[in-house]
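4 protein chains.
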Amino acid sequence: MGGPLILTLSCADQPGITARVTSFLYERGCNIIEAQQFNDRAGNEAGDRFFMRVAFDPDGIDSGRLGAEFSDFAKAHAMIWKLARQDRPCRVIIMVSKFDHCLVDLVYRWRTGELSIDPVAIVSNHPREIAIRSDIGEIPFHYLPVTPGTKDEQEAALRDLAEENQADLVVLARYMQIFSDAQARHFAGRCINIHHSFLPGFKGARPYTQAYERGVKIIGATAHFVTGDLDEGPIIHQDVERITHADSAADLVRKGRDIERRVLAEAVRLFVEERVLINGNRTVVFRA
Amino acid sequence: MGGPLILTLSCADQPGITARVTSFLYERGCNIIEAQQFNDRAGNEAGDRFFMRVAFDPDGIDSGRLGAEFSDFAKAHAMIWKLARQDRPCRVIIMVSKFDHCLVDLVYRWRTGELSIDPVAIVSNHPREIAIRSDIGEIPFHYLPVTPGTKDEQEAALRDLAEENQADLVVLARYMQIFSDAQARHFAGRCINIHHSFLPGFKGARPYTQAYERGVKIIGATAHFVTGDLDEGPIIHQDVERITHADSAADLVRKGRDIERRVLAEAVRLFVEERVLINGNRTVVFRA
Amino acid sequence: MGGPLILTLSCADQPGITARVTSFLYERGCNIIEAQQFNDRAGNEAGDRFFMRVAFDPDGIDSGRLGAEFSDFAKAHAMIWKLARQDRPCRVIIMVSKFDHCLVDLVYRWRTGELSIDPVAIVSNHPREIAIRSDIGEIPFHYLPVTPGTKDEQEAALRDLAEENQADLVVLARYMQIFSDAQARHFAGRCINIHHSFLPGFKGARPYTQAYERGVKIIGATAHFVTGDLDEGPIIHQDVERITHADSAADLVRKGRDIERRVLAEAVRLFVEERVLINGNRTVVFRA
Amino acid sequence: MGGPLILTLSCADQPGITARVTSFLYERGCNIIEAQQFNDRAGNEAGDRFFMRVAFDPDGIDSGRLGAEFSDFAKAHAMIWKLARQDRPCRVIIMVSKFDHCLVDLVYRWRTGELSIDPVAIVSNHPREIAIRSDIGEIPFHYLPVTPGTKDEQEAALRDLAEENQADLVVLARYMQIFSDAQARHFAGRCINIHHSFLPGFKGARPYTQAYERGVKIIGATAHFVTGDLDEGPIIHQDVERITHADSAADLVRKGRDIERRVLAEAVRLFVEERVLINGNRTVVFRA
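Sequence lines, in order, name chains A, B, C and D.
Under our numbering, the residue at position 163 of the first sequence is numbered 271, and the numbers go up by one with no gaps.
Under our numbering, the residue at position 50 of the second sequence is numbered 158, and the numbers go up by one with no gaps.
Under our numbering, the residue at position 133 of the third sequence is numbered 241, and the numbers go up by one with no gaps.
Under our numbering, the residue at position 65 of the fourth sequence is numbered 173, and the numbers go up by one with no gaps.
Just so you know, the hints here were simulated from the structure itself, not pulled from any lab data.
Be aware that one or more of the hints could be misleading.
Same chains, same names: a pair is fine if it fits in one copy or spans any two.
[Said to hold, decoys possible] Straight-line C-alpha distance at most 30 Å; calculated DSS-like pairs for lysine-lysine:
# : residue 1 : residue 2
1 : K259      : K311
2 : K311      : K363
3 : K363      : K190
4 : K311      : K206
5 : K259      : K206
Using the sequences and the accompanying hints, generate a full structural model.
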């Protein structure tokens, strides 16, 4: 039964939509803890779009029954929606290649209870030694090497793993392999990548070297959903730091590690708290 | 008639409050443009407190009638509330002493239409020459000098001026005189000061010299409501900038000018857009 | 006679170069106030490169004679160098199109003595009305309209103006015309542009619209030297600010104005204090 | 023999001091890699003060002999100075109480080679379990509990440990016991504390609760040298982050952890790279 629930939804904007949703909850005795909404007036041929996140105390109502009732309501308003239990940790697969700073950071935040995740698997295209500096303990580690010839199989193995473990989210924590289009589509909206540049600057490989060569005075990192368009998916979070002419490309890599790990951790936190809604190629992020 | 209205309110938290407010508006054909709420669970003897801001299109309903109807509703829920017209500029008195950078900045933002204010008066304890670098044009300038012996009169003159001009807000744009307790109470909740430090550090006089002597590595500025407790009123907005050992106290003053003017302008913008609600000695700030 | 001098230089790195330069000054009784150096070890076919800035009190030595003597010394070390008088304001031409926020800001900083510039001319491709909100007073305003057919003449007129006025610097303060290659070469190293994006992201036109459409979470501005490659010149300074999904493209424009004016003012300050040295397509910036 | 050396010094400002130091090195065949200086013109009764840091390649000269020769030179100029080997890791004792995020972070940065430290001991007033989430491996762990009655002994034990291990630096990585005056004096200039507030705001205990109650809009952390005056020692580094009314005191603690660990790590990095010179109650920090 009951801890708080989180309802997220989007639909075409329509009169009284806030009143209807909040009345639906009120009539069932639910008590709103936190609510945010956003009307995207930029519009398009389909008109304005409405986004909402409501965290509420269901006051003893079964979340299954509530969900069933809301389903009818949602259908009538052509909503995309989700009802999540706040106390249920997000089941996460963490993927990593050679650099372990994001992995170490996510694992630490999980161990301290800061991130409400359940790391169901760590996957790497490198052997387990990659993870020795992190306290991964009992988290299953899967070594899934990949070559051009085995990419299809390897991607299938990840999909199987995700299904077996009922993973809610795949986090590319400096995983340096590029998903095929099909794989990106399969994990659409539930795969977050950390790109080590302030996108859209310095897409592709070796962004710190590119940044050094261009002589920028600020570097950054970007957490975004993975799509078939490399480095073009909806951006969830970004952060930056000031650099100077005296910073070598290696200094940028060092400074970048700090930015990357905090940007990725924040994006994962926002996702697991159901604060990120996709709006075409952009995101709506409902911070507390 | 006409343009969007902004409803702000606070009351004791109670079940269904969001639903009731949004339904009240929906039943009268109002269309919500933007809505935010906050439940302050820190509580106190009086229990949790609920804050809300709703911007909506009244769809032809007279704002006077709507206000009258909401008044009854609000009374029933023991609300503190306000219904404002978004298209009505906030009537502002700007007070200044010797440093004009905040005045110049506010006037520029008004002239470009960025700040929806109507500057009904500029008041200074120094003669008009103080304002020569700003394009104050037709804004009435009032020279209200003050000495220990004339402070009471001078403060009365400001109160008269505010009343005659129906001022909604008094902005202390580096006005270096301290309000008496009575004056601070008179303008409670409608007088914003810019303090040239990152409060609560370096209260009182010469904060940049204090910051220099303490050797801090970051300086800042704070916009807050004026209360009888000097530099202790509810904080609306703050910002900071990095400094180094090579910055002299004069450098801090120069860098501080930039921080001060943008912090004050942002606080004024938040206030005139009805985004700042007072919560005891703190503020709730509903950004878009 | 008189005030402090500033020596800036770059040359191939060589043993004892710091000792030689500082001894040269010491032997002539000059007293160093501030000194910075940078050895660019990234190297290239020509080897490492050395950069230095020394501010010093010449202790009564004539700057002309000192310059003549240093000239021989510099030749022997194949230096690019400059000896500037700190108390001589930089002669600046400010160019502007429709948006006046950077112009207003630079003029204000000049009037308050914050920026050590001598604004010898304001040039616009729009009539004088563009500058009415700034306190340009006695600064000569030149209306130089431009059409595809008159671009050559117009650019020649600017060159003449710069020569007549012995301008040290041309500042493109939101001047929306693109220099021809020849013009860019003519003003190489002495023309600063403010680009309203965080380069290299969103080059070209309408960067805020591009930023909005891409859904970035941070926007910025970039001050750079103008070169023939549009938006590709050496970057002097950048700054950024956080935005959210709720910011419209118009909000980005508004927030951007604040970033642009402070980034441009800082770049001009760094230039006029001789703190910016060009290093290929990058800059060395010696902050105090 | 040798890798690069780092010379740091301070003395009364005097004509030609830069030339003399750099010539001293040049005459001995040393090649400067990086050099910074600062003349503190704020002065006091003793006049202006000069600070310098020079990293150089000794070109085969024995650092012992160089130090001996420099010692005479330094005496003649009444210098406080130090000659350090860049390739010799700083011997560090890390002290921790219950919160391990700074410890975990420092250990990780050591393991990846980012921080050039040699962690000779971890000391806690709590048993070893405190460190289970960090990969402390072979680093000796010392449990030194403390009660009012045993404080003197416990402090003596730390002094012994520091001496036995020839520790260069003691890092209070959220060590919640206050050093006695004598202990603070003993470790003067070689003990860094992380305070979980943006000093000088919110000194003393429970700064995040204080920050929450005051309603500030930005929180921060401060790394400083420990002195007998609690939270008043010379500040090395600070950083901040924006918060809102919706952040509870617990949220501030969570956000604060990220700021604390990066501020402390940066302060330790600056210290071990010999970039921090003490200037009375302030610091000179020579960043690259």
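For this session: If any of the earlier hints don't hold here, list their numbers in rising order.
Result: none
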